[in-house]
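Student: Listed here are the chains, written in short residue letters.
2 protein chains.
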Amino acid sequence: MPIRIGKDTIGLPEGVFVNASVGIAGKKEKEGPLGKYFDVAFNNDKLGMKTWEKAESELQNTAVRILLRKAAAAPESIDVIFAGDLLNQCISSTYGLRSLKIPLLGQFGACSTMAQTLAMAAIFTASGAALRAAAVTSSHFCTAERQFRLPIEYGGQRSPTAQWTVTGAGAALVSRTLSPVRINAVTVGRINDLKVKDAANMGAAMAPAAADTISRFLKDTNTKPTDYDLILTGDLGRVGSELLIKLLNRHGTDISPVHNDCGLMIYDIEGQDVHSGGSGCGCSASVFCSYIMQKLTKGELKNVLFAATGALMSPTASQQGESIPSIAHLISLTHS
Amino acid sequence: MPIRIGKDTIGLPEGVFVNASVGIAGKKEKEGPLGKYFDVAFNNDKLGMKTWEKAESELQNTAVRILLRKAAAAPESIDVIFAGDLLNQCISSTYGLRSLKIPLLGQFGACSTMAQTLAMAAIFTASGAALRAAAVTSSHFCTAERQFRLPIEYGGQRSPTAQWTVTGAGAALVSRTLSPVRINAVTVGRINDLKVKDAANMGAAMAPAAADTISRFLKDTNTKPTDYDLILTGDLGRVGSELLIKLLNRHGTDISPVHNDCGLMIYDIEGQDVHSGGSGCGCSASVFCSYIMQKLTKGELKNVLFAATGALMSPTASQQGESIPSIAHLISLTHS
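Here the protein sequences come in this chain order: P and Y. Under numbering that gives the first Met the number 0, think of the first position of the first sequence as 0, with each following residue one higher. Under numbering that gives the first Met the number 0, think of the first position of the second sequence as 0, with each following residue one higher.
For the record, the hints were derived by calculation from the structure and aren't laboratory data.
Any copy will do: because identical chains look the same in the list, a pair fits if it lies in one copy or spans two.
Quick list of in silico lysine-lysine cross-link-like pairs, DSBU-like style, CA-CA up to 35 Å:
1. Lys196 to Lys45
2. Lys196 to Lys26
3. Lys69 to Lys6
4. Lys223 to Lys100
5. Lys194 to Lys69
6. Lys218 to Lys69
7. Lys194 to Lys49
8. Lys297 to Lys218
9. Lys194 to Lys100
10. Lys100 to Lys218
11. Lys100 to Lys6
12. Lys297 to Lys26
13. Lys294 to Lys69
14. Lys218 to Lys196
15. Lys100 to Lys196
16. Lys100 to Lys35
17. Lys100 to Lys245
Pulled out of the complex, with its shape left as it was, chain P reads as follows (with noise of 0.2 Å):
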């Protein structure tokens, strides 16, 4: 049953477990360094359908039809499923998840959707409400740059704080059944905004939310950050990462030693021209999914925060002179 810990984190005390999970990723992060950790990389990001949007559907439904296989489950075994992405309406899932007809609670997070269905997932499961939950997101570079930016063959310049779109997806399942990974608990996120309205620099806008999370988490849990191997954060990137470390330090938090960031991960930042780092729903999703639970499930790391951040914002909006407020999920896993 869950429980209320400090002013904001939800325990899990008897606790819920990743049975499996799956990271999917397109050309671009099958080339970066976490290339041989993805389930499938594949080497074309149209995925052989006709449209960018159809594309991020099929990663969708390709992330949670090889999470079933490794599962050895059915898709009407399945109780619920939570997911979302970044595209208006969130069509890259609905459309992605239609054919499996898995009850559908649809989540927006933005950036911050893998933490944020993970999290439901794991408080669905610990109460009861569902036996078996699954989690997944996505994103895609063509799909954000049309709908955030502008068309790829327009060929706009790329200021040095932007961040590129991964494409990929992630896509887990969670139970009380035991297994290596263990979720202890989650802190939901409050939205932040600290006037940031350059749309060229999420990791900026994204900081004071991941910084908020975590030191309520911290606060929360009477822990600090040594306590941890590794503190995640989803795709704040280059920017935002060394923002979050400051906007943290002035309140006398360093994590600084155990910080690292999805974004900052998926590419050779240099190599891959990628300015910033990785950014979208698929870039958590996709490393959270592959590398580091592989890397939970073999107990390399033992105790993990995952805090995931999105940029709560619409072209529309900052055309009508609005900040980006941001948000940030927590949760804490460890190796069981």
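Chain Y: place on chain P using the hints.
Tutor: Just chain Y now, kept in the frame of chain P:
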């Protein structure tokens, strides 16, 4: 503690309670049959804001502030808020709730969002993950027209099957504290798709999902339609309601004696020229959180199934030739 009932339903044996609710609406809704039931109904749909999108955010912010006042609750006393809307990246919710600093789990269920957010709030409080949880959603005629169809200045003609997006919002507070309206169970929807492609006929697109979820709930609970005072759908409108009844009748389930639809209730269908009826997240939200909750509170309604439906498409998907999948989430409420 939540329990599984049958294949797909989540039972809440100890019950959770809707301690307070607020329905607010705009001018057209104020002039409709339920005008006097709304907590607040505005004379001007701009709500003093500069843009339609900011006005819609103001609807959510207003709904939640009135909710907190009604419940004599400070924002800090709410452990989590579930919110979502129809706009790209759910910006109505983000900007509407930003100032309140309540931990947020963004939900996407299109027009099913009121049922979805209530379901989430119920499960979180039943499980102990939250002591108090809020649910809120909104829609706005002008933001929806701009995003999904055409700017209103264009003067486009609406077909007979088209529905009118409600300018309105609903918010509710859920906890285990006893009060007259109890949530007993939740059935999470599955994506349904009978290949309807006409974006001007959302009722037809969504009816299959409503039929699916309602029939699964009845089967899981071994109950029949006439066990309930009211089986209330969110915004099927005229066309969708007829289709729902037909679809269920094919399987020997007749809900016609007890069925009603918020989209048919909120407007004078002929007199206000809304063609097939009202639609949008705010349709079921404003009606349920005002009129229906008032009836349930007084015991004039005793046993209600509230099944809101959502059309999970976007203009991009339609432009790519896709059909319109739908989903329906159901909650079972009683006067306790």
